[in-house]
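**Q** Chains A and B, in that order, are what the protein sequence lines are. Position 326 of the first sequence, counted from 1, bears residue number 326 in the working numbering, the numbering being contiguous throughout. Position 167 of the second sequence, counted from 1, bears residue number 167 in the working numbering, the numbering being contiguous throughout.
For identical chains, the list gives no copy identity; a pair is met inside one copy or between any two copies.
Simulated crosslink set (DSBU-like; lysine-lysine; CA at most 30 Å straight-line):
| hint | residue 1 | residue 2 |
| --- | --- | --- |
| 1 | Lys92 | Lys215 |
| 2 | Lys44 | Lys317 |
| 3 | Lys93 | Lys105 |
| 4 | Lys44 | Lys16 |
| 5 | Lys105 | Lys181 |
| 6 | Lys44 | Lys104 |
| 7 | Lys44 | Lys305 |
| 8 | Lys44 | Lys347 |
| 9 | Lys317 | Lys52 |
| 10 | Lys105 | Lys215 |
Since the hints were derived computationally from the structure, they do not count as laboratory data.
There are 2 protein chains.
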Amino acid sequence: MQNIYNFSAGPAMLPKVVLQQAQEELCDWHGTGMSVMEMSHRDKDFTAIREKTEHTLRELLAIPKHYHVLFLSGGATSQFAMVPMNLLGNKKKAAYIHSGQWSKKAMEEAARYAAVDVLAQVEQRNGIHHLPNINDLPVTDEHAYFYYTDNETISGMQFHYLPQTGNVPLVSDMTSSILSKPLDIERYGLIYASAQKNLGHAGVTVVIVRDDCVKPVQEYTPTMFRYQIHIDNQSCYNTPPTYAWYFLGLMLDWVKQQGGVSVMQQQCQQKTKRLYELLDNHDFYQSPIAPADRSHLNVPFTLAKPVLEGAFLEQAKQAGLVGLTGHRSVGGMRASIYLGMPEAGVKKLVEFMQNFAEKNK
Amino acid sequence: MQNIYNFSAGPAMLPKVVLQQAQEELCDWHGTGMSVMEMSHRDKDFTAIREKTEHTLRELLAIPKHYHVLFLSGGATSQFAMVPMNLLGNKKKAAYIHSGQWSKKAMEEAARYAAVDVLAQVEQRNGIHHLPNINDLPVTDEHAYFYYTDNETISGMQFHYLPQTGNVPLVSDMTSSILSKPLDIERYGLIYASAQKNLGHAGVTVVIVRDDCVKPVQEYTPTMFRYQIHIDNQSCYNTPPTYAWYFLGLMLDWVKQQGGVSVMQQQCQQKTKRLYELLDNHDFYQSPIAPADRSHLNVPFTLAKPVLEGAFLEQAKQAGLVGLTGHRSVGGMRASIYLGMPEAGVKKLVEFMQNFAEKNK
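Could you put the whole structure together from the sequences, leaning on the hints where they help?
**A** Below, the structure written as structure tokens:
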């Protein structure tokens, strides 16, 4: 059977060796005679799994002690509400960057709880999308935090620098970019990422938060939406999504074995570079994103002859290249290239695209 | 290697054949060359999985069309808030039965949003716990709903009848008892159950709700806590916990193959009967629960000589009988016997207990 390369935006392709390890251990974890799925979350075996997972994440991202690491349920969409609910404190305003659909969703949710100040937004010039400059913006002490989306998976745009926000805590949605580059954690107040792109499978969300950023909440905040509750209970206030948490640990071990996040960064850059070169050098394809703002994880593109899109997707599928349909809101094509996508998959995609262009020019 | 029988209260023992099927399919689901973990939740393969899962659950529990079936994240603890947030509407009061620690947690969370009327509570007489009679209580139109916990896992108490609540919607936490007996769904307004006892592994929660029970919510209600959002999006507003959902589907198929919920009910009664008989016929052991109120899923018990508890647990473990420690809040021992516990496990436990009593009388 041919290899399938899955370019979905998430849930997404996972490293084969990680899946194989999970498969091997599924019915009997380390000779316990039990599946991880069957273990009590308060049992010593699962405690060891979760402690190791946190330890490895702290090691990979060099997370200092005064940052809490939480493993929560509810996905990034829950964080859209949890961030304002827990970080506003006595303040009424929060600063947001509108860089695409995910930041827009985050802003809309935050508006239930805060006055949302949109300090900058994505721009379109001559059909090309540009991210705004997010330095030198009017961030003030009135803002409880400064929120931006590191990587927009739908449009395929990414900030390649960290904004200066003074004393205002920087909050970043890194769902699609966590582990794809080293981070200077102390520059952030809070980072979160749901798992189904770079951290395993859907069902668990990592939150990394500096201890002084967590403020008292309003009475209407559900218990499950209170960071402090999860901090006080090592993310085990209720039964956490144990299997997704365990699988996340396997992914972290794999990243460590590959050489850590610097190696991941090189690989991500190398994989997408190949694809961007094709888009720039071939009239048959276009990238709708300004070169400086292109994502190292999601590469959207269009065909010069849009009528061929159906044929492109169909023939790609026959070649084992799946999940290339662009997001339903923007159309076109998109190749999502997370940590689990091997270089061979990108190479095969590039070759396929070259051949397809030749045959249809 | 000897079989391990895991009596944990949840996450809990799962049927071996279900785990084996998951193991077999983990790297390649039905020849797609992909793991279910890697599938986009909007992909046709995963859509087929989730539609089949809902269909099977509707079939097993005979759920009528005017009931929605949701597959959510966040566990039962999220439902403690979601129930009042979504069911109160214009009303201010809700009726609760205080039958144990889970109902207490539900009441405490509801008190953030509603005036909680505790209509009845658990009683202790001569060291024996009794459930209150929950019929003929002063339920009125002022109550938005009537809430009770079908089975209290910690104390091991279960209601074996449905209360009459007139037009007031009946809400039941069935986390530990769903699929263990047939249900007359039309008697309920809402039922919920997180997965890690009878429905698979932790990370997904089933909500079954009659369409007219879902009311407009307050503005502060997070998007993820709005039933209507999940109803409108077939539980795919955001990326759902796809793998836990899939695994739940495997569990449902297994229940169906076993003969459905009536067969499950017989098995649950048979398994716990064996254990209760031992407790009642042996001075060495005690059940702290009144016979009429005993759970068919969680069997707590104490030793006449509490000093032997450590030896009991240690020797049980050596015999492959694990997870028997009582909840940290009540002490003693507890055997949780969900659908995945084979009769052989209970038989072995009973034999072990008889021998242990003989040796230590």
